[in-house]
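Chains B, C, D and E with the ligands: place on chain A using the hints.
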Amino acid sequence: MTALLDITDLKVTFNTRYGQVTALDGVSLHVNAGETLGVVGESGCGKSITALATMGLIPMPPGRIAGGSIRLAGEELVGASPARMRAMRGADIAMIFQEPMTSLNPVFTVGDQIAEAIMLHQKVSADRAFKDAVALLDRVGIPSPADRARDYPHQLSGGMRQRVMIAMAVSCRPKVLIADEPTTALDVTVQAQIFDLLNEIQRDFGAAIVLITHDMGAISEMADRVAVMYAGRIIEEATADDVLDFPQHPYARGLIDCIPALGREEHALKEIPGVVPPLHLLGAGCAFAERCEHANDRCRQEKPLLVNHDHHPAACHAVEEGRI
Amino acid sequence: MTDTPDYKAESPAREAWRMFRRNVPALVGVVILSFIVLATLYGTFFYAGDPYNVVWAPHERPGVTPEFPLGTDYLGRDILAGMLTGGGPTLAVGAAAAAITMVIGITLGSLAGFYGGWVDNLLMRITEFFQVLPALLFAMVLVTLFSPSLWTIAIAIGVVSWPQTARLTRAEFLRIKELEYVTAARAIGARNKRIIWKVILPNAMPPLIVSATLTIGIAILFEAGLSFLGLGDPNVMSWGLMIGANRDYILDAWWPVTFPGLAIFFTVFAVSLIGDGLNDAFNPKLRER
Amino acid sequence: MNSSYILRRVGYGLVLMLGVVVLNFLLIRLAPGDPAMVIAGEMGGATEEMLESIREEYGLNKPLVVQLGIYVGNVLQGNLGESFFFNQPVASLIAQRIGPTILLVITAQILSILIGVFLGVIAARKPNGVMSGFVSVFATIGYAVPVFWTGIMLIILFASVFPIFPVEGMQSVRLRGADVFTKTLDIAHHLILPAFTLAIIYLAQYARLSRASMLEVLGSDYIRTARAKGAAEKTVLFKHALRNAALPILTVAGLQFGNLISGALLVETVFNWPGMGRLAFDSILRRDYPTIMGVLFFASAMVVVANILTDISYRWADPRLRGKS
Amino acid sequence: EGGTLVIGSTQVPRHLNGAVQSGIATAVPSTQIFASPLRYDENWEPQPYLAESWEVSDDGLSVTLNLVQNATFHDGEPVTSEDVAFSIMTTKENHPFQSMFAPVETIETPDAHTAVIKLSQPHPALLLALSPALAPVIPKHIFGDGQDVKSHPANAAPVGSGPFMLDEFTAGEAIILKKNPNFFIDGRPKLDEIIIRIVQDPSALLIAMENGEADIYPFMAGSQEIKRLEKSDHLTITDEGYAAVGPINWLAFNTKSEKLSDVRVRQAIAYATDRDFITNALHRGVSTQQRGPIIESSPFFDDTIEAYDVDLDKANALMAEAGFADGMELTIDFIPGPREQQQSVAEYLKSQLKKIGIDLTVRAAPDFPTWAGRVGGHDFELTMDVVFNWGDPVIGVHRTYLCSNIRQGVIWSNTQSYCNEEVDEILNAAAIEQDADKRKELYSRFQQIIAQDVPIYFVNATPYHTAYDNRLMNPPKGIWGTMHPMDRLEWSE
Amino acid sequence: MTKLLDVRDLTVRFAMPRKGLFGPRPLLEAVRSVSFTLEKGRALGIVGESGSGKTTTAMAAIRLTEAASGQVLFEGEDLLALPDEEMRAHRRNVQLIFQDPYSSLNPRARVIDIVREPMDLMEMGTMEERNARVRDLFKLVGLRPDQLNLFPHQFSGGQRQRISIARALTTNPKLLVCDEPVSALDVAIQAQILNLLARLKDELGLSYLLISHDLGVVRHVCDDVAVMYLGKIVEHASRSALFDSAQHPYTQALLSAAPSLARRKSKGYVRPLKISGDPPSPINPPPGCAFADRCPRAQDICREVQPDLEDKGPTRVACHFPGPIAA
Ligand SMILES: Nc1ncnc2c1ncn2[C@@H]1O[C@H](COP(=O)(O)OP(=O)(O)OP(=O)(O)O)[C@@H](O)[C@H]1O
Ligand SMILES: Nc1ncnc2c1ncn2[C@@H]1O[C@H](COP(=O)(O)OP(=O)(O)OP(=O)(O)O)[C@@H](O)[C@H]1O
Ligand SMILES: [Mg+2]
Ligand SMILES: [Mg+2]
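From first to last, the protein sequence lines are chains A, B, C, D and E.
Position one of the first sequence corresponds to residue 9 (my numbering), numbered consecutively onward.
Position one of the second sequence corresponds to residue -17 (my numbering), numbered consecutively onward.
Position one of the third sequence corresponds to residue 1418 (my numbering), numbered consecutively onward.
Position one of the fourth sequence corresponds to residue 192 (my numbering), numbered consecutively onward.
Position one of the fifth sequence corresponds to residue 29 (my numbering), numbered consecutively onward.
One or more of the hints may lead you astray.
Label-pair restraints from in silico Cβ distances [as the list claims (entries may be wrong)]:
| no. | chain 1 | residue 1 | chain 2 | residue 2 | range |
| --- | --- | --- | --- | --- | --- |
| 1 | E | Arg36 | B | Ala153 | 49 to 57 Å |
| 2 | E | Pro314 | A | Glu301 | 51 to 59 Å |
| 3 | E | Ser78 | A | Glu301 | 35 to 43 Å |
| 4 | A | Asp135 | C | Asn1545 | 36 to 44 Å |
| 5 | C | Arg1426 | E | Ser78 | 31 to 39 Å |
Chain D is nowhere near these chain C residues, computed Cβ spacing over 10 Å in every case [what the hints assert, rightly or not]:
| no. | residue |
| --- | --- |
| 6 | Leu1481 |
| 7 | Val1483 |
| 8 | Gln1505 |
| 9 | Ser1549 |
| 10 | Phe1551 |
| 11 | Ile1572 |
| 12 | Gly1586 |
| 13 | Lys1600 |
| 14 | Val1669 |
| 15 | Pro1736 |
Simulated from the structure, these hints should not be mistaken for laboratory data.
Just so you know, even glycine gets a beta-carbon here, dropped at the ideal spot from N, CA and C.
Okay, chain A solo, but in the shape it has when bound (with noise of 0.2 Å):
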């Protein structure tokens, strides 16, 4: 089966005052129609840079796409004309943000802006288009949905702004919808209903799901497989259950074993000691290497490769050695 998003050996550069810098180096993902796959990692590790790369939406320059591939339905994305990339862009694969308060333009209502991402790919006049807005608003659960459309982004809140923003990007009724971080901005409480929309949307329309987070208990709610990035590269990639409880590299052990959530015996939290590195310092070897307790010289002068192991596929030389 071939996957409906299928992202092979990316590779993404930027250029900086430091040089040039790979913040995603030889990354591979899939999503299959209606899946849910679930990308973590710390801030930095390049799960936005993957999304954007995937809209096309990586700003040129200081960015440059250098090599791998991104395939929708078989179709390549990467050296696709940029009138492609906009037809596809919001019709084929749409996705959603993290800040909502700033992802909606200001100065138009939302009906409008949700009308303008329907007109962009369909053949529909301004009413009807209006007239979809309202009936998507009413879909994604905001209450009297005609009068919502002609509100400004300022006057709704938070989550409703959210919720607008999974409005137009499900218009077009999109194969594949990135969430990038989309509940970081907003209250548990509210968190929790976009979840659910975000399922209920995935059941009712089919779409496969790309979310983005930094937080496993999400990951644990939402996602059927899941990707560990650290430092531009998937380090380990496995069904949810599998990852949660049998992680492998230490960099996912360790991030299970630090969050102080909910839903676990009292445990003490497990540091992760240092920060993740800056592009510009990554050295040869494992990224996380100066972060690890298993780490050996070979850590620190070859890369590890995403390879399977006993469980899912891990990449890290301690595991392949069978030292953890």
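What follows is chains B, C, D and E with the ligands alone, placed relative to chain A:
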């Protein structure tokens, strides 16, 4: 551990300076300005000449008589001598006016921003009131009322231009006041005076320094405008005065107005290049965390 | 838009104007020169008795407070007094000149905003491109040139080298009897140099500002949203970005108005434009207090009106300020 | 079709009524709007105007004017002797030139067209004072309504009986006059319209002249303007037409100030100053030198007076004699206005007087009132000033030298505080002397004394020039220049 | 056990900008008559949604925000009634840790000066003693002494939070108020800081008032938990009581909304309690229970009568119809 790369203990000011040094236009500005300042300070040392003396026939073209490389004005006075002596007052008025502007603006702006409430209300109403008066017109009235001298001009320019600084300071204070390190200072028992002077003001300085730089430029243009209108100090040679004095004769002689005009232009140009450079240097977006 | 806001804004504007009246009056009455002397001087010298009678006639011998009271009262009734110099009411002097000033200022404002914003937007499209560099340099230059000097240079250029534009005045006297169309064209022809001179400095500022503001807006999340929808670059630039980038431009346009009037004063003097600026300048030289006060009053009023209009249009342009409907 | 004449002017009139306002700015339009009893030709000879004839009684105490019958004001009212009487008395009371009509006691009006001026003493200057520039006949039915004439609203919208009537007056910008179809001289005026355009910036006015936007530019004094317009093919430049104005550019001393009370210091300054340099270099040869208190083009001028040609040795010697061998500090003011005449001379003096040890500070006044306050208040040491003779010395010269005219706070009085009883006697005698030769004699003595006492160092005559379009016929070249009805002016073709 | 902090009927109002020409200034009631106590050596967590008044409560309790009414007894002394100078002296007993590690340190000061500043202000000891103490504190919070002379921007978020903690500890405070101390940090770093806080509490016998919207964090660090909703405490209990048998429907909603590793999509997890909508505006709060509009159990009385915080079963709760989640 890699969590703290081997940084030197670099203060924000030093870091800004490092950024500034890399900014080519800003360096060009520094070079131009230094040249102008040096020329006005020491120029007469190399090129002695009394700018008030009638030394030659009027309206000698530049480059014709070697003694007067920039020619003479309508009275037959040496333009180069005027340029060299005229820069001092122009720059001095610019700097003094900017200083006055900053002092009034920062004082009122920080009081308004820090204390808020009725203090803010009152001060902002005053500020708005001053902003309603067209600056040059108001400055003209002030200068005429208190008879033109370098000081009255500088004060008049200061009096008309402080509102902008006050607003900027206030905005910065309002912004910084809400930051947690200010609350932290209060939480450890710092008094208001200390918070204003030691905590908020230093952090509000970057935009204020940029604004001060630009204010110098504006003040120089202002002084030139006033002198041009004949409201400058007539006993002090300044570039604006030269333009104003020679303005009646522009159809016969372009040089007596062109050279001082260029001098003003280059000064303000250099100052604003420096201002832009400082702005960039202070802009955290342009440097890494 | 709620009319209570407009009402409040206008009310506040009136209070400011009252303040202007009082301040101007006080300031100018503190003047060292004796206004009676002015009038006498203009008549060609005077005796002490004559001076006394002039003081009597113009109310100069009354206590300051009384003079202020009379003045404020008169202003409230629309009477700005008689010019010391001209044998005419100040109001009619200003009435003759406010038109040309408004024409000049508004034309310059429109010119500078249109061209400036256009340049700024073009530049923002490629922040590191040639156009962008040009706009930055041009903006810095435009800002640094003394406006009167630009005017003089243009006069030199267009008076002797390329005499294609008139370099002084607003109308050709010879066309007094001509039809409206010819007259309009004539005024437009005369307007070109002064308006351009005045516009150039603000044009530069608007270009720079709109470049910066566009760059900022283009980096914002909602622009990314628009792109993610699949909107074309042109739509993104002119529909989504410019509407937002226009807000700071609008603010500056309002704040700039006072400076524009100051600039107009110099430009009018340079180009012999028959506006309020020159009247102000001449009146200051003549110590014609009522006229100075009148001009300051009207110039401030223009700024107040411009500010009110800016605030209102800002609220119109930025739905965030409109409040819940 | 008579066409339009555009007059360019740098001077701003306060209003248009010459009866209560002196100065060129008002006089030019006022002389077009108002007629006067007499007018003058190029040779200082009186000519009939509103008065078709006139007699002076032998004792010189009565002058009878016989008015034309057909003169009407622009509003249709006839011009009567009542109007003449009213006008002269109004002028006497309100015009700053008090000496002009001071001896006039009453004016009798035996009939509608006869006016008899009764004088308290002989007043030879009277006939010149009846010129258009000084004695406009204003309508009694308008100005006699009890309002103060100096600020009468009609001053800005005057009704006269002159060749042109007011069409539009934009204060400080333009005065538009149109032909008076009922002018009492047949066939005049020739022109349909006169537009006086006020352009305060001389460069702008130059351009207007060059482009043909203006046809005539009178009272042009700047050397660059004169030099430049001389090059223009379609223009004629002349300095004729200013004989009666007698504008003298001078350096006045405050003779009561400590350092300058010593006549030797004043003489030293006079000897140190190079009149030649001023007229030739500073003024580029357009100015003529002026050596005494009476304009050199006047018949009363005495050219034998001491001229104080430059002599630095003598100047230094005088300084030493006066006890100022080590030099001194002085302040010089100048009257604000076109800077070439006064300010540039002041600044020249600053560098020149250094040579005799005088450190001169140029004190500028931002505006006229400030200067007038200082000089009128006798709060000055030296000042550059320009003062007009106004035709007869009685009108324009006496005021500067009479002890009785030392008046605090009054500008263009005897602000030098110069007082010499002999001078007073001479001037008072000259004022009533009817014999021309004797009068000339008196004025000669006066000029000799002034030359010795140096209350004033005379520099030059303000080089008034007129530039006008070559196609203009009968340009105003009389003694009053453009302050004279332009009813004869016309376009060729 | 002794009461360290006893907050009684604390109310905070903010005046909002006037609407209309002569309209009254609307009042925003950020904290509405809140009472709680904190015992020595314990940690009280305050949870609640954004805008519920957590920060305001804490700030008013230590008099960094002006309270409209109420009392704050700190070791029996009413802080709100103290003269300014005495309050200043008291500040050494109460210290603060903020949410945003980037804005909580003065960017223009070296960290050594930042940490030493409280001692400078209180004029404690000699300069050498102060610097020595800074060094000790640096070690205590896990920073290296060679970093003393750096500026804040040269540290990572977690390190900055350590600096904040060091500064807070400088004066040997009795109470540490932590306002969302980890919510701006990455999970991996969060753990470092939470562990540090836990360690310090034990080692130094500190009391905490810890604010968070993350129930997991509160559960990990605190002994008692208060839940706030629209300016009021709606439930207050010991940790175990609250997490195991919450009585207030809002607390239950919070608990069911918080993501948890135990809830798996693979196991077909469906949220048992769904609440809709957002909290009402704190300007003119509703007369009855503020949660009534979103509450599945709400009856008419809830919209009319404000429930008081009372002992009802396992927890103190402000609800007319407390009880476990209805099935
Ligand atoms: N325009 C850019 N120029 C240079 N580097 C960039 C740029 N955009 C992103 N990067 C780098 O790429 C890396 C990945 O960034 P990305 O935004 O994908 O992180 P993330 O995983 O989404 O983090 P977060 O959780 O903070 O959103 C970061 O190290 C960042 O510094
Ligand atoms: N200085 C202030 N002026 C006006 N309103 C304020 C001010 N500070 C807080 N508020 C308001 O008071 C209410 C409570 O705010 P507070 O910051 O205490 O909430 P919080 O629970 O800490 O929220 P968060 O989780 O977002 O930090 C909010 O509605 C807030 O908008
Ligand atoms: Mg991201
Ligand atoms: Mg908070």
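Hints, one by one, checked against the model:
1. Arg36(E) with Ala153(B): 49 to 57 Å: violated (39 Å)
2. Pro314(E) with Glu301(A): 51 to 59 Å: Between Pro314(E) and Glu301(A), where Cβ atoms are some 54 Å apart, the hint holds.
3. Ser78(E) with Glu301(A): 35 to 43 Å: Holds - the Cβ-Cβ distance for Ser78(E) and Glu301(A), about 37 Å, lies within 35 to 43 Å.
4. Asp135(A) with Asn1545(C): 36 to 44 Å: holds (42 Å)
5. Arg1426(C) with Ser78(E): 31 to 39 Å: holds (34 Å)
6. Leu1481: holds (19 Å)
7. Val1483: Label holds. Min Cβ-Cβ 21 Å, cutoff 10 Å.
8. Gln1505: violated (5 Å)
9. Ser1549: Holds, because the least Cβ-Cβ distance between Ser1549(C) and chain D comes to about 39 Å, which exceeds 10 Å.
10. Phe1551: holds (33 Å)
11. Ile1572: Non-interface label fails for Ile1572(C): nearest chain D Cβ at 7 Å, not farther than 10 Å.
12. Gly1586: violated (7 Å)
13. Lys1600: Per Cβ check, Lys1600(C) is outside 10 Å of chain D; nearest 15 Å; holds.
14. Val1669: It holds; Val1669(C) is separated from chain D by about 32 Å at its closest Cβ, greater than 10 Å.
15. Pro1736: holds (47 Å)
Hint compliance for this structure: hints 1, 8, 11, 12 are not met, and every other hint is.
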